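Protein sequences, first through last, are from chains V and X.
For the first sequence, position 69 (counting from the first letter as 1) is numbered 68 according to numbering that gives the first Met the number 0, and the numbering increases by one without interruption.
For the second sequence, position 27 (counting from the first letter as 1) is numbered 26 according to numbering that gives the first Met the number 0, and the numbering increases by one without interruption.
Hint data in this document are derived by calculation from the structure and do not stem from the laboratory.
Honestly, I wouldn't trust all of these hints.
What the hints assert, rightly or not - Label pairs and their computed distance ranges (CB to CB): (1) 3/X - 41/V: 28 to 36 Å; (2) 107/V - 121/X: 39 to 47 Å; (3) 119/V - 142/X: 43 to 51 Å.
The model shown is predicted, which means the values in this text are computed figures rather than measured ones.
We put the beta carbon where it would ideally sit given N, CA and C, even for glycine.
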Amino acid sequence: MSTAYAVGDTFTETTGPVDRADFVKYAGASGDFNRIHYDEPFVTDAGYDSVFGQGMFTAGVASGLVREVFGLHALAEFDTRFVAQVWPGDTLTTTVEIEAIDEGDDERRIEASVTVVNQDDEPVITGNAVAVQ
Amino acid sequence: MPSRPLAELQAQVGDTHRTATDLAIERGKVAEFARAIHDPADIYLDETAAKEAGYETIPAPPTFTRTAEFPRYVPDDEGFDLGFDPARVIHGEQAYEYERPLYVGDTLTGDTTLTDVYQRDGEGGGTMTFAVLETAFTDESGELVLTATGTSIETGQAISEGDE
Numbered sequence: 000m001s002t003a004y005a006v007g008d009t010f011t012e013t014t015g016p017v018d019r020a021d022f023v024k025y026a027g028a029s030g031d032f033n034r035i036h037y038d039e040p041f042v043t044d045a046g047y048d049s050v051f052g053q054g055m056f057t058a059g060v061a062s063g064l065v066r067e068v069f070g071l072h073a074l075a076e077f078d079t080r081f082v083a084q085v086w087p088g089d090t091l092t093t094t095v096e097i098e099a100i101d102e103g104d105d106e107r108r109i110e111a112s113v114t115v116v117n118q119d120d121e122p123v124i125t126g127n128a129v130a131v132q
Numbered sequence: 000m001p002s003r004p005l006a007e008l009q010a011q012v013g014d015t016h017r018t019a020t021d022l023a024i025e026r027g028k029v030a031e032f033a034r035a036i037h038d039p040a041d042i043y044l045d046e047t048a049a050k051e052a053g054y055e056t057i058p059a060p061p062t063f064t065r066t067a068e069f070p071r072y073v074p075d076d077e078g079f080d081l082g083f084d085p086a087r088v089i090h091g092e093q094a095y096e097y098e099r100p101l102y103v104g105d106t107l108t109g110d111t112t113l114t115d116v117y118q119r120d121g122e123g124g125g126t127m128t129f130a131v132l133e134t135a136f137t138d139e140s141g142e143l144v145l146t147a148t149g150t151s152i153e154t155g156q157a158i159s160e161g162d163e
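Given only the sequences and the hints, what does the whole structure look like? Please build it.
Set out below in structure tokens:
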């Protein structure tokens, strides 16, 4: 891809509301069968209010916008920190913002922040992506 | 309380175990994974669309190697014995470095190194134990395709938001 980017360019995508079925589908697709993501009696016994989403479910949702912005050929790095849980009923908004562009001799390195916030604008994921063109 | 003494975990730092074998990137699994992450893009579902977009064939989503946890890919003498309690484990961070896109038809091997173990006092969760696991995924020719680094946290108790 030879798409032109500028520092400050921002891309967003909203997903959801997500629910228990999303966590179950992700468990089935990913192989992450930790009960904290779908077994209500198990999680309430463990002291949680309800089941919550796999961090990697939300990282996967975020990866959709990262793919759209950069394409998979250029994508060199994708980092996510899971800063809060995603609960059933949450609506997720992913934002990719171009933070830096380094022009090299024969390649261009583009650094972007990746954040996912819930409907209350609280971050659930903070992260970064790097693309090399 | 942590399940294991820290020294027992730290003794494993630097160890590498084969944690995934015969991780065949299959078309059906890629399609289901793409749908599960709400990104059912044409390139993940249709070979013609993938080729038109410049890919060799159908690629896999950036986080697809999460599927290495399925029992069929996990060797019998599986990896690290951290003794973390599943009810108190949360995933803190995940990072990927890509050498190239991952494609349907690739078969990967995963070798995981425990790169760090440490403890911190959590604000709402008692003593938290962190384990950093770095997995190198190589293809059939032994070439590195991607490196996945995950941080697992065993909390002292369930994380209770708003109780801090």
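Any of the earlier hints contradicted here, and which numbers? 1
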